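Model the full structure from these sequences, guided by the hints.
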Amino acid sequence: MNTSPRANKITLYIVMVVFALFFLLPLYVLFATALKSFSEVSASRMWNLPTIISGEGFAKALEKLLPNLLNSFYLVIPATAFSAILGSLNGYIFSKWKFKGSDIIFPIILFGMFIPYQSILPPLVRFLMSIKLYNSIPGLILTHTVYGLPITTLIFRTYYTEVPTEVVEAASIDGAGILGTYWRVLFPISLPGFVVVIIWQFTNIWNEFLFAIVITSSPAKQPITVALVNLAGSQIVEWNAQMAGALLAALPPVLIYILLGRYFLRGLLAGSVKG
Amino acid sequence: MAEVRLKDVNKTFGKVVAVKDFNLDIGDGEFIILVGPSGCGKTTTLRSIAGLEEVTAGEIYIGDRLVNDVPPKNRDIAMVFQNYALYPHMNVYKNMSFGLRLRKVPRPEIDKIVRRTADLLGIGELLDRKPKELSGGQRQRVALGRAIVRDPHVFLFDEPLSNLDAKLRITMRAELLDLHQRLKTTAIYVTHDQLEAMTMGDRIVVMNEGLIQQVDTPQKVYDHPINRYVAGFIGSPSMNFLPCTIVKGNGDLYAACKSYKLRIPQDKTKSLRDYIGKEAILGIRPEHIDTKDTITRKYDPESVFQASVWVIEPLGSEKLVHIKSEERILVARLDPHVDLKPGQMAEFIVKTDFIHIFDKETEKTIF
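Protein sequence lines, in the order shown, are assigned to chains D and F. For the first sequence, this note's numbering begins at 1 and goes up steadily by one. For the second sequence, this note's numbering begins at 1 and goes up steadily by one.
It should be emphasised that the hints constitute simulated quantities derived from the structure, not laboratory data. Where hints are given, some of them may not hold.
[What the hints assert, rightly or not] Computed list of lysine-lysine pairs in DSSO-like fashion (alpha-carbon distance at most 30 angstroms, straight line):
no., chain 1, residue 1, chain 2, residue 2
1, D, K100, F, K15
2, F, K248, F, K261
3, F, K220, F, K298
4, F, K132, F, K258
5, F, K324, F, K261
6, D, K98, F, K20
7, D, K98, F, K298
8, D, K98, F, K7
This structure is a prediction, so every number in the text was calculated from the model and none was measured.
Right, dumping it as structure tokens:
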């Protein structure tokens, strides 16, 4: 069979458009339902556009979820900041101040990435209870900070490996100590590394559900992912509010990505392209 | 300014011996060069002096002070790296003043020192620029400036010119020498480039496989290499080596190769007494081979050999002629106007006053 490059291209585009539509369908339902009024929501009309745009769903969702939305921010901002800063320090030490045994400790830290969340829940809860952080946002912050260390350490170590070691040596000859070198020389050039880590950690912690539901048992302390599930009442589900809530919950990671995204690729590619 | 003394310094990385039994006294204000092929231990030695490597055994003194356990920042040294190692986020002024700021030198004084040094190096106009906005040569000047402002006891240079293009390297070589003549600070300079070693050092230390081969002034190392390794390493093109046998005849000694023999000058025969009848290695520098047409001095008729011309490299100021003799290629540094063609047989003369003989087993120089 003879196919021209042009025909190939058209086929390719058709396939891509079909897939794109397929993936966008749930998003369409999400938006369409969120903008309907409660009376208009029904399974039979779920594919229809709303007849009148209604803010009812959003108002309801905001009213119920606002405290939890704030909880999520109280959780995600410190947890991201701590895990990023600690990961950066770890990465600095593991890339520039190799010590006896560092080649053993580093893989052990990385191993933390592969421990499934479920397997550590019982000891985690016991531990948080004994340090009086169970059922609290600080407890979640601590958990996510520690659980984030393997990946943040790895990202920063890779990033700092690209920085010539001579720069660090020059600083130590110039008179800077280990921390001084980090603060005055490494930290100021770490922005791309931080962007990658912040996007990664922010998104992961924001979307995380299991730790959140296990560690925070009282509704007032739960982050939005847990509250969103609880929003669906036991009798009737207000689908418009539910969908609006889901949109609200999804918004912050999207905003972070839009704000920092242009640094994201640059950060991931740092070093692979010399420039 | 200070002397630097290394006593029985050894450095091993696991099982790899990087530096072995290194002993060296460096005089106050001396410009000393550590030269050798890569992996010879020269950079490790320099980094040990800087304190960036801990020595496995031995003592390092800067001035009268034993510095083995002194961290780099307290050794009163400054180092210039091959890749400049500038702080990328700081401008030139901040790069140069970094060490002084850490040492809490008063601001007006820092300002004075940095500006004076920048002017000395011709980078006074660039103080506000970031490293990425500078050319390679300018970056290296900033790295130099960063070392100079500290006014250290010792400068350590780790192949500082290797990343520069050939032309700039020659300019910077002269500038570095001029700077050293003005500042008179002890300098230890590592390079793999024997030309840099020859042109810059008060004394050069030739290293190989972690061992010091020879320490002396460049001319002495060139004229009297201590062994075959040094003879071959110093000088470009390299010395020619030929297997030969020492033979006696008519009261003279000869270095006999397969098809010809060279008479050894009378004043040198004494040291060869034990080698008569034995094999040895003959060493001839390229400039000590000449042709009958171009030689301007008297020569021994028993220093002539026949060989064919293989290739000719005209360099303008001279011609490097590769000649095939006894299945070996010898290089001769000849007058640029010499009339030779590839493939041609010709007679070549060895200036036997300057030849070297090496022991075949130990490779040590006999003369």
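Evaluation of the provided hints:
1. Taking the CA atoms of K100/D and K15/F, the gap is about 16 angstroms. The hint holds against a cut of 30 angstroms.
2. Of the pairs offered as hints, the one joining K248/F and K261/F holds, with about 11 angstroms between alpha carbons and a cut-off of 30 angstroms not exceeded.
3. A threshold of 30 angstroms between alpha carbons decides the hint, and for K220/F with K298/F the separation of about 25 angstroms falls inside it, so the pair holds.
4. Annotation: proposed proximity of K132/F to K258/F is violated, straight-line Cα distance about 60 angstroms (limit 30 angstroms).
5. Restraint check for K324/F and K261/F: the C-alpha separation of about 16 angstroms stays at or below 30 angstroms, so the hint holds.
6. With a CA separation close to 24 angstroms, the supplied pair K98/D and K20/F stays within the 30 angstroms bound.
7. The suggested pairing of K98/D with K298/F is violated, with an alpha-carbon distance near 65 angstroms, which exceeds 30 angstroms.
8. Between K98/D and K7/F the CA atoms are separated by roughly 28 angstroms; this keeps the pair inside 30 angstroms, and the hint holds.
When each numbered hint is compared with the structure, violations occur for hints 4, 7.
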